[in-house]
Amino acid sequence: MIEISVHKKLWSSTGEVSLDLDLTIKEGSFLTIYGKSGAGKTSFLRILTGLLKPEEGHIRVYGKTWLDSQRGINLSPQKRGVGFVFQDYALFPNMTVEENLFFALKKGQDRKTIQELIEVMELGELRHLPPQSLSGGQKQRTALARALVQRPQLLLLDEPLSALDAGMRTKLQQLILQIHREYHLTTLLVSHDAPEILKLSSEVILLEEGKVTKRGAPIEFFTHKRVSGKFQFTGEVLKIERQDFIFIVTLLIGQDVVRVVADESEVRELAPGDKVLVASKAFNPILGKLKIETVSR
Amino acid sequence: MNSLQGEIESIQAQGALSLVKIMVPGAVLSTVVIDTPATAPYLVSSGKIQVLFKETEVIIAKGADLAISLQNRLRGVISSIEHGELLGKLTIETQAGEITSIITTNAIRQLKLVQGDQVTAMIKTNEIMLSP
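Each protein sequence line maps, in turn, to chains A and B.
Per the numbering used here, the very first residue in the first sequence carries number 65; after that it's consecutive.
Per the numbering used here, the very first residue in the second sequence carries number 3; after that it's consecutive.
Honestly, the hints are just simulated from the structure, not real lab data.
Heads up, a few of these hints could be off.
Straight-line C-alpha distance at most 25 Å; calculated SDA-like pairs for lysine to any residue [said to hold, decoys possible]: (1) A:Lys339 / A:His71; (2) A:Lys294 / B:Pro134; (3) B:Lys91 / A:Asp308; (4) B:Lys91 / A:Ala335; (5) A:Lys303 / B:Lys126; (6) A:Lys303 / B:Gly86; (7) A:Lys294 / B:Gly86; (8) B:Lys91 / A:Gln307; (9) A:Lys263 / B:Pro134; (10) B:Lys91 / A:Glu305; (11) A:Lys294 / B:Ser48; (12) A:Lys303 / B:Lys91; (13) B:Lys50 / A:Gln307; (14) A:Lys294 / B:Val26; (15) A:Lys100 / A:Arg233; (16) B:Lys50 / A:Phe286; (17) B:Lys126 / A:Ser329; (18) A:Lys73 / A:Gly102; (19) B:Lys91 / A:Phe309; (20) B:Lys91 / A:Gly102; (21) A:Lys294 / B:Ala15; (22) B:Lys126 / A:Phe309; (23) A:Lys278 / B:Pro43; (24) B:Lys126 / A:Leu341; (25) B:Lys91 / A:Ile304; (26) B:Lys50 / A:Ala346; (27) B:Lys126 / A:Phe311; (28) A:Lys353 / B:Asn128.
Using the sequences plus the hints, can you model the full thing?
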């Protein structure tokens with residue numbers, strides 16, 4: 065369990081904001097922080113890393129005190145074991161991909177960690193390149209790998225994918241999810257992208273003017289219409305074709321393209337690129353086990 | 003998507019499933035959902051609820067005294083018909099509100115359906131979704 069209770073005055077473009085956070089986060093959860101700019105999202109993450117010191121409060125992570133203003137405890141960022149990924153990558157420009165990763169290695173830590181991360185993040189062919197010759201997605205894969213070098217207990221992602229194109233975003237979302245599950249890594253994400261939040265998070269909090277004003281399941285945040293249908297997905301409209309008076313809507317759901325028959329009343333406000341809730345009763349789908357042949361090496 | 007306003011009359015829960023009866027003007031509709039009052043807070047007796055079902059799930063019959071297993075029946079009058087090559091769209095005025103049915107053009111022809119006909123629109127119990 066992570067217990068956070070902090071207070072800090074912030075100055076944003078709209079004036080003074082009092083950041084008052086009082087929340088607990090379950091170990092292994094994927095929590096997204098959602099809210100307008102200036103609400104205190106990044107400050108929240110920076111307080112967790114130890115880069116920003118609150119006026120008062122305490123932070124306990126899995127039973128260990130990171131911050132206790134009354135007892136004068138404030139662990140340095142190095143001692144907190146937090147992985148942090150920013151939108152702007154923050155890689156060292158004078159080092160190669162591999163050197164960036166080695167730089168994060170603690171004294172006495174096994175060098176094999178680097179090799180493992182290079183494989184997981186598919187950085188093998190890029191290891192000797194400097195950051196400026198990498199694409200946005202490659203840079204962010206490197207930054208993510210670097211954040212994981214010290215085997216953090218907590219991974220903080222501050223809009224890590226917002227500068228990337230849609231295809232690369234999807235790929236990195238998959239990677240983040242894979243890391244989160246494999247390492248059972250408690251992850252906090254700042255994001256504005258509804259499909260991304262729905263895909264990744266187990267829980268969402270809404271931060272407004274420094275306060276948590278709403279907390280709940282992602283689906284409660286982003287669907288105006290809650291429906292009982294259990295076969296529910298969020299998708300993106302790719303194409304809408306009219307056939308007589310019905311419409312065939314082609315949707316991208318995750319990596320799959322599906323087609324749905326819709327009535328005029330459903331497509332009236334839709335255009336390609338729109339995000340939609342796709343819901344059906346759970347009584348209709350049929351299941352068939354796939355036979356996957358295991359390939360021996 | 004068809005959407006009717008109703009009020010929950012009763013909820014019969016067993017395991018993960020519930021059979022929910024909803025009063026709409028002129029009829030009682032029932033649906034089976036994978037939810038119970040414990041998992042879905044909107045499942046409360048007398049609660050206002052929206053009944054949702056797809057146009058393509060609405061079955062049309064002529065006449066009233068039907069020997070058929072379908073429990074969800076809405077009597078109404080066809081207010082308009084659109085004909086496509088394969089499919090046709092019927093708009094039906096019922097006491098509960100306007101509903102739309104999409105059936106094959108062959109079926110429209112076979113039943114000799116025309117504007118102004120009295121029909122019974124039916125929906126299978128497992129095709130109805132609920133929304134608070």
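Against the structure, the hints come out as follows:
{"no.": "1", "hint": "A:Lys339 / A:His71", "verdict": "violated, 37 Å"}
{"no.": "2", "hint": "A:Lys294 / B:Pro134", "verdict": "holds, 15 Å"}
{"no.": "3", "hint": "B:Lys91 / A:Asp308", "verdict": "holds, 10 Å"}
{"no.": "4", "hint": "B:Lys91 / A:Ala335", "verdict": "holds, 23 Å"}
{"no.": "5", "hint": "A:Lys303 / B:Lys126", "verdict": "violated, 30 Å"}
{"no.": "6", "hint": "A:Lys303 / B:Gly86", "verdict": "holds, 21 Å"}
{"no.": "7", "hint": "A:Lys294 / B:Gly86", "verdict": "violated, 32 Å"}
{"no.": "8", "hint": "B:Lys91 / A:Gln307", "verdict": "holds, 12 Å"}
{"no.": "9", "hint": "A:Lys263 / B:Pro134", "verdict": "holds, 24 Å"}
{"no.": "10", "hint": "B:Lys91 / A:Glu305", "verdict": "holds, 17 Å"}
{"no.": "11", "hint": "A:Lys294 / B:Ser48", "verdict": "holds, 23 Å"}
{"no.": "12", "hint": "A:Lys303 / B:Lys91", "verdict": "holds, 22 Å"}
{"no.": "13", "hint": "B:Lys50 / A:Gln307", "verdict": "violated, 35 Å"}
{"no.": "14", "hint": "A:Lys294 / B:Val26", "verdict": "holds, 23 Å"}
{"no.": "15", "hint": "A:Lys100 / A:Arg233", "verdict": "holds, 21 Å"}
{"no.": "16", "hint": "B:Lys50 / A:Phe286", "verdict": "holds, 22 Å"}
{"no.": "17", "hint": "B:Lys126 / A:Ser329", "verdict": "holds, 22 Å"}
{"no.": "18", "hint": "A:Lys73 / A:Gly102", "verdict": "holds, 12 Å"}
{"no.": "19", "hint": "B:Lys91 / A:Phe309", "verdict": "holds, 8 Å"}
{"no.": "20", "hint": "B:Lys91 / A:Gly102", "verdict": "violated, 51 Å"}
{"no.": "21", "hint": "A:Lys294 / B:Ala15", "verdict": "holds, 17 Å"}
{"no.": "22", "hint": "B:Lys126 / A:Phe309", "verdict": "holds, 23 Å"}
{"no.": "23", "hint": "A:Lys278 / B:Pro43", "verdict": "holds, 18 Å"}
{"no.": "24", "hint": "B:Lys126 / A:Leu341", "verdict": "holds, 23 Å"}
{"no.": "25", "hint": "B:Lys91 / A:Ile304", "verdict": "holds, 19 Å"}
{"no.": "26", "hint": "B:Lys50 / A:Ala346", "verdict": "holds, 23 Å"}
{"no.": "27", "hint": "B:Lys126 / A:Phe311", "verdict": "holds, 23 Å"}
{"no.": "28", "hint": "A:Lys353 / B:Asn128", "verdict": "holds, 24 Å"}
In terms of the numbered hints stated before, the structure departs from hints 1, 5, 7, 13 and 20, listed from lowest to highest.
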